[in-house]
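S.K.: This is what each chain is made of:
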Amino acid sequence: METAFGDLSAWQAMLDRHAELFSEMSAGSRVGFVSRAGSGITPGKHAAGLMAAPGAGDMMAWEHQGAGMHTRLESYAGFQDARVDLLFVAEDDALATLRESLNGEALALIKRLIRKGGIMFYVMKNKYQLQDAGYEEFLESLGLAFLGACR
Amino acid sequence: METPGEQKLRHLFRPGALGRFETRNQVKYGACCVSNYNARDGFITPRELARVRVIAGTGCGIITNQGAYPDPLGEGKAYFRQVAIFDDKFLPQFETIARYIHDAGALAIQQILHAGRYGGIDLGYCIQPSVVPQTLPHFRPPRELDRDQIRAIVAQHADAARRAIRAGFDGTEVTSFMGYLLANFNSRFTNQRSDEYGGSIENRGRFMRELIDAVKQATPDSPMLIRLNAAELMDRWGGNSEEECFELMQQAVDCGVDMISVTVGWQEAPESSFGRDVTPGHWNYLSAKAKKLFPKTPIAFGNRLPDPVMADQCIRDGIFDYWEVCRPLLADPELIHKAREDRLNEVRPCIGSLNCLSRLFRDLPYTCTMNPVLGHEIEPEYTVTPAVAKKRIMVIGAGPAGMEAAITARKRGHEVTVFEKSDRIGGNLAAYAANDLARPQDLQSVVAYYQVMAAKLGIEIRLNTEANAKFMRSVLHQYDVCLVAAGARTDLGAFRYLEGANLLVDALDVAHGRIKPGRRVVMIGGGKIGLTIAETLAKAGHEVAVIEEDKRIAGDVMPTFKWRHTAWVDELGIRTLTSSHLVKVTAEGAAVKNVKGEETFLAADTVLVSSPRKPNHDLFHEFQWMVDELHGAGDALIARGLDAAIHEGYRMGVRI
Chain A
19 METAFGDLSA WQAMLDRHAE LFSEMSAGSR VGFVSRAGSG ITPGKHAAGL MAAPGAGDMM
79 AWEHQGAGMH TRLESYAGFQ DARVDLLFVA EDDALATLRE SLNGEALALI KRLIRKGGIM
139 FYVMKNKYQL QDAGYEEFLE SLGLAFLGAC R
Chain B
68 METPGEQKLR HLFRPGALGR FETRNQVKYG ACCVSNYNAR DGFITPRELA RVRVIAGTGC
128 GIITNQGAYP DPLGEGKAYF RQVAIFDDKF LPQFETIARY IHDAGALAIQ QILHAGRYGG
188 IDLGYCIQPS VVPQTLPHFR PPRELDRDQI RAIVAQHADA ARRAIRAGFD GTEVTSFMGY
248 LLANFNSRFT NQRSDEYGGS IENRGRFMRE LIDAVKQATP DSPMLIRLNA AELMDRWGGN
308 SEEECFELMQ QAVDCGVDMI SVTVGWQEAP ESSFGRDVTP GHWNYLSAKA KKLFPKTPIA
368 FGNRLPDPVM ADQCIRDGIF DYWEVCRPLL ADPELIHKAR EDRLNEVRPC IGSLNCLSRL
428 FRDLPYTCTM NPVLGHEIEP EYTVTPAVAK KRIMVIGAGP AGMEAAITAR KRGHEVTVFE
488 KSDRIGGNLA AYAANDLARP QDLQSVVAYY QVMAAKLGIE IRLNTEANAK FMRSVLHQYD
548 VCLVAAGART DLGAFRYLEG ANLLVDALDV AHGRIKPGRR VVMIGGGKIG LTIAETLAKA
608 GHEVAVIEED KRIAGDVMPT FKWRHTAWVD ELGIRTLTSS HLVKVTAEGA AVKNVKGEET
668 FLAADTVLVS SPRKPNHDLF HEFQWMVDEL HGAGDALIAR GLDAAIHEGY RMGVRI
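Protein sequence lines correspond, in order, to chains A and B.
Counting from 19, one number per residue, gives the positions in the first sequence under my numbering.
Counting from 68, one number per residue, gives the positions in the second sequence under my numbering.
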């Protein structure tokens, strides 16, 4: 079945190319990707959608299994049940752009899309938990410092 | 009788009114951020009292004391060493602060700060109207407040206000800035409740209205101020629109608040609200709108508005009533006095580096790049006192370290001569400023300040004079002290065994305008110097690639500004190769190799080197036996940057 994420093997190949970003991560670390439309998160109500998702959406999970990140598709029924450390909520056009760039600089594109608002980003763990789980390199690569951003 | 400055800035210096009180002018010291100078349990320390005494004396009509958290659990506590006001045991120090402020002739306002989404620093969780996950890893996972907790928090605010008034404060301020609990209730982003506190804007504003009502009932004779967003900059995340922000302000006005302090942005907003990349005056339209909508409520404003002349014009034009100023007064606590005396050219400028906030989010006490004394007011060693033994001091280098030392030493009565090998003061800072994409005027104002102060204090500056051993022999025994502040240079020698090393060009020569690079440029070094020059070149149309040995670029950049460089690099299309080093230079370009051993050839007309940098240690060895006292300061000791240069220069000047 075709989902908003397209071919998962292309995502897997992208993650494999950036394996060094995940090399310090603990097994079981999980990152989730949901499409805003697919998750019921409507414009202007991102957080409401996160909480009251109808359960019909898909989530692409990246899970560290001791030797790198592995992608798989799961159903998404709200962030409380997603069991992820980080959750990316992407606009449909952002996802489409990402799908097309999976063979190129996809992570740089994610960084750009977060800054432009095409991808929303939530952290489900605090900085010490994320540091302990080995997320620092990945978050730094996305330009998401372990700091407040009062500026 | 009016002073010259008061004549020029009539609107700023005219008396004002807040509730039943008069204020001597239209300047409000804003509690912009907490100092982190206090005890972990919320008690105010002598270090803090010494700082507040200086702030009290700034000459502002209203002084707002830094935000205190009102709850015993510390759910409202945002910062590592934030002060507390939930119990009478804290009263004595608040009484001292109120007395300091009154003794200095200002109105004393105590801010109550419940950080909500950004709080709970000691608890591992934060409280919010709804469970909305964090977007920044710095903050803690949320818990949703129930109605009883909401009522308790309202009561805690009222108690805190009552306590502040008992301590001698004239009024209180509740703040939503920048995304604290009040903002969390007001905003659609964080308030997803379905009860009477959520949903419609009327319901979302209920917490605020109850808060205002409770505080006003608790302190009926005292003005109550409120800090509210005119723009959250959280629209993309589903936050309030500007229109909604002003609707909420209307609710506060209808509740009878005595002043609205208009603010901009949340901590997690994706764009800057007061960093160096924001043009001064950029947000004035928001204040103007508030003033227009609520003409009978005093409006205070100061977001990215560091200039008293601009503030005076804004008051004249009805953009706001009170200039709310904080960071410029951290940089120079004499700012208002200098403005009154028409000595604005002597103001030590706030350059918006946000060193203060960078440190705060590392749980460190805040400091100021421009003011080395901030946080050390209690230490006599930081006070400029007349020198017991007057000395003749030669300072080598007219960069920030040298000029800071020269000015401080001269104030103490020493005779000071500065020797500078180039034809201007400012050192590499002047070149760096010229290439700054954010706002060159900020850094250039530092050089201008040094120029003015050197002239005022009668410091002799000998330009085009290189200090070397031969020169030192020519001035032998004329000086008692030599301070080497000759900075650092690009270490081209580090590449001397590299093939094509003779083709490398010092990036600082480009920064100083001595060399024009070709169209295609490779920059070795992705630190602040390399990036700043690379960005300027890219903006001017050059094709630029940056090579950095570290895993990431901008490693030496202030945390609050790092994102700015990475965004520019992205926007300007600068190619970056990290974890890579230079292996060969040819007339056609540069070959680089990454940690995996993969080699890439980058076509280039010019290969610039900005890193590594080497401190100017040679002079120490050359002068060791030629002068009584030999000292060093700034990058001449270890290559770092502006903060270290200014702070070390000052510390040398105050001690020699």
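Heads up, a few of these hints could be off.
[Stated by the list, open to error] Per label pair, the in silico range of CB-to-CB distance:
{"no.": "1", "chain 1": "B", "residue 1": "89", "chain 2": "A", "residue 2": "150", "range": "35 to 41 Å"}
{"no.": "2", "chain 1": "A", "residue 1": "134", "chain 2": "B", "residue 2": "87", "range": "48 to 54 Å"}
{"no.": "3", "chain 1": "A", "residue 1": "27", "chain 2": "B", "residue 2": "668", "range": "28 to 34 Å"}
{"no.": "4", "chain 1": "B", "residue 1": "112", "chain 2": "A", "residue 2": "134", "range": "27 to 33 Å"}
{"no.": "5", "chain 1": "B", "residue 1": "668", "chain 2": "A", "residue 2": "150", "range": "50 to 56 Å"}
{"no.": "6", "chain 1": "B", "residue 1": "190", "chain 2": "A", "residue 2": "122", "range": "51 to 57 Å"}
{"no.": "7", "chain 1": "B", "residue 1": "140", "chain 2": "A", "residue 2": "147", "range": "20 to 26 Å"}
{"no.": "8", "chain 1": "A", "residue 1": "95", "chain 2": "B", "residue 2": "266", "range": "42 to 48 Å"}
{"no.": "9", "chain 1": "A", "residue 1": "155", "chain 2": "B", "residue 2": "542", "range": "49 to 55 Å"}
If you are wondering where the hints come from, they were derived from the structure by calculation, not from laboratory data.
As the structure is a prediction and not an experimental result, all values here were calculated from the model.
Glycine included, C-beta positions come from ideal geometry on N, C-alpha and C.
S.K.: Hints numbered earlier in the text: which of these fail when held up against the supplied structure?
M.R.: The structure breaks hints 1, 4, 5, 6, 8; every other hint is satisfied.
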